[in-house]
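**Student:** Line by line, the protein sequences give chains Z and E.
Per this note's numbering, the first sequence starts with residue 1, numbered consecutively.
Per this note's numbering, the second sequence starts with residue 1, numbered consecutively.
Because the hints were derived from the structure by calculation, they are not lab data.
One or more hints might be untrue.
No copy labels: a pair is met if it fits in one copy or bridges any two.
Claimed, not checked - DSS-like mimics (lysine-lysine), calculated; alpha carbons at most 30 Å apart, straight line:
| hint | residue 1 | residue 2 |
| --- | --- | --- |
| 1 | K59 | K18 |
| 2 | K18 | K271 |
| 3 | K106 | K249 |
| 4 | K18 | K283 |
| 5 | K18 | K165 |
| 6 | K106 | K283 |
| 7 | K283 | K321 |
| 8 | K165 | K29 |
| 9 | K165 | K106 |
A quick note: this is a predicted structure, and the numbers were derived from the prediction, not measured.
There are 2 protein chains.
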Amino acid sequence: MDPITETAPELDKTLALKLAFEPIIEPLKVVEQRIRDQARAFDPSVEAYVAYAIESHGKRLRPAVALLSGGATGAVLSSHLNLAVVVELIHAATLVHDDILDHADKRRGQPTANARWGNSMAVLLGDCLFAHALRLATAFEDNRMSRRLAEAASEVCSGEMMQTKRRFDMQLSVEDYIRILEKKTGALFAVATELGGFLNGASPEVQTGLHQFGMRLGTAYQIYDDCLDLAGDEGKAGKTLGSDLRRGKLTLPILHLLQSSDPEESARLSKVILEGKPEDFTKLVETAIEAGALRYAVTAGRQMLNDAREHLDGIPHSNFKESLNSLCVTLDGMIAPMAQ
Amino acid sequence: MDPITETAPELDKTLALKLAFEPIIEPLKVVEQRIRDQARAFDPSVEAYVAYAIESHGKRLRPAVALLSGGATGAVLSSHLNLAVVVELIHAATLVHDDILDHADKRRGQPTANARWGNSMAVLLGDCLFAHALRLATAFEDNRMSRRLAEAASEVCSGEMMQTKRRFDMQLSVEDYIRILEKKTGALFAVATELGGFLNGASPEVQTGLHQFGMRLGTAYQIYDDCLDLAGDEGKAGKTLGSDLRRGKLTLPILHLLQSSDPEESARLSKVILEGKPEDFTKLVETAIEAGALRYAVTAGRQMLNDAREHLDGIPHSNFKESLNSLCVTLDGMIAPMAQ
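Work the whole structure out from these sequences, hints included.
**Tutor:** Below you can see the structure in the form of structure tokens.
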């Protein structure tokens, strides 16, 4: 495996993702249908709410890695499709609750559940999705599936809580921050890839490798998402830049900036963050870019993607494995330009 | 089995409950300890929040019926203790989210999670408890345990959502309302008693009987709680009367009042509810009492408790079975005086 040293040329991200999804186009369609079918499992009076929340046209990254991991370890079985549905529903539940926390009124161009029906309904809708996901997880023959999925769901919730608790905590260490991302985002990717292997009876070593791969891919993806919030293309991202910062969510570039600045400068920056004036934020982001803090975060993300790929070493060559690799390369191609 | 025809004398509710819990005093202590131990399963930064939410000194009714159901079908096993922990954690999770929905600042004399740490932390704390409960549920040897528990959790969430959706819906039928209570409260009691039998290898008939018992006991308990909100002793209840009504939560007495009044009076009452003036509410509650609507709800609750007891017929006599019966008699003794 060649490490990623060159930056991929500017590319259509959707197209690049689609290329990586090539070997699983058909099963992914079935997964999409099964996800949509889930709404019907609910009481008719609740069904339309659930349908709205799950038909949100996300990238379905977590289902994709579950399926690719299945293909890379033998075959994409029907049980992989169910695994893909469960991880996406857990993800959908956390998004509904995230949007409440963030007072977000749009997601992927659509009004959020809280914007449409208020916080109360959104809290309960998230709960419904979450409970239903874990209910589906108990339908696998082997107990281990539901156990690992519930463990991952628990990690995701703990990670979210740790992050929310530490809003505006300027002392948050980079180490603790990465640990939060591993729980909040990495854990669900990790369980998707790990169980993709488990369902094919892959060896414990291969399962561990896949877990590590998913953990790193997911965490790097979150770092990318965090950087995008500071330095993305406002028009393309469809959201206001610096919104994490406004809510006190200190992401990797900002934490590095705070901790690599001299005490006086760090105190000044902390004050800017606490005061939360939009005009100061633009300057703060510029400072982060000039001081190399954004480059630091991008490098950390790229390193994580290189690490991820190394964990696939024990898996024989296949177009599925190639796609898992491609996902890393694609993400790298998305994250790298931000440091330039 | 004698039907409950006489009203039990005014009694100390806590004492009456304690008497019903007599055969499970020791296992209930272990359950209490195991519930408290759960906080330690979380990241240290989250632990204290979880500890606060689960050390709330509730009545532990759901754990109690799980244990009694175990005793009544053979023996209270270690797995019954775990079942008791899981149902109480699911309940604790829903309480944390309920308090957000209701903007409640106190529960059992203590500040609620949302009052102490804000809605965001409370949403996530509820999620953590919920995920952890379902994670514990996957530790049982038989898949059926986690499946039934996740199904019940899903029912609870759907019921909550149906209720919230139909706030201020004056057309809500009594039938639909009872269905909401069965999901929201009955389902968790039902799964506690049903699985209490399942863990002892009870016959499908006995499990079904226990399920029906728990469903009716839980639903009657919710009817009692709803009546208490209208006609309880404000001092004793520790909360403001009529708070359901103010939030548009139309409970059994009010629904019956609306639907048994002539169209003109019903329209007038609907207007009072929509306008939400506290001084009109006092009058509305008086009307509900005078028109026999409270008596109607109390009678429905008492009938449900009688039905509950009939479902224990297939279970041989034991002090555990007697306690399940006693719980119904105790609850009846609490609900009956409200119609007088």
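**Student:** Hint numbers the structure violates, sorted upward?
**Tutor:** Per hint list: 2, 4, 5, 7, 8 violated.
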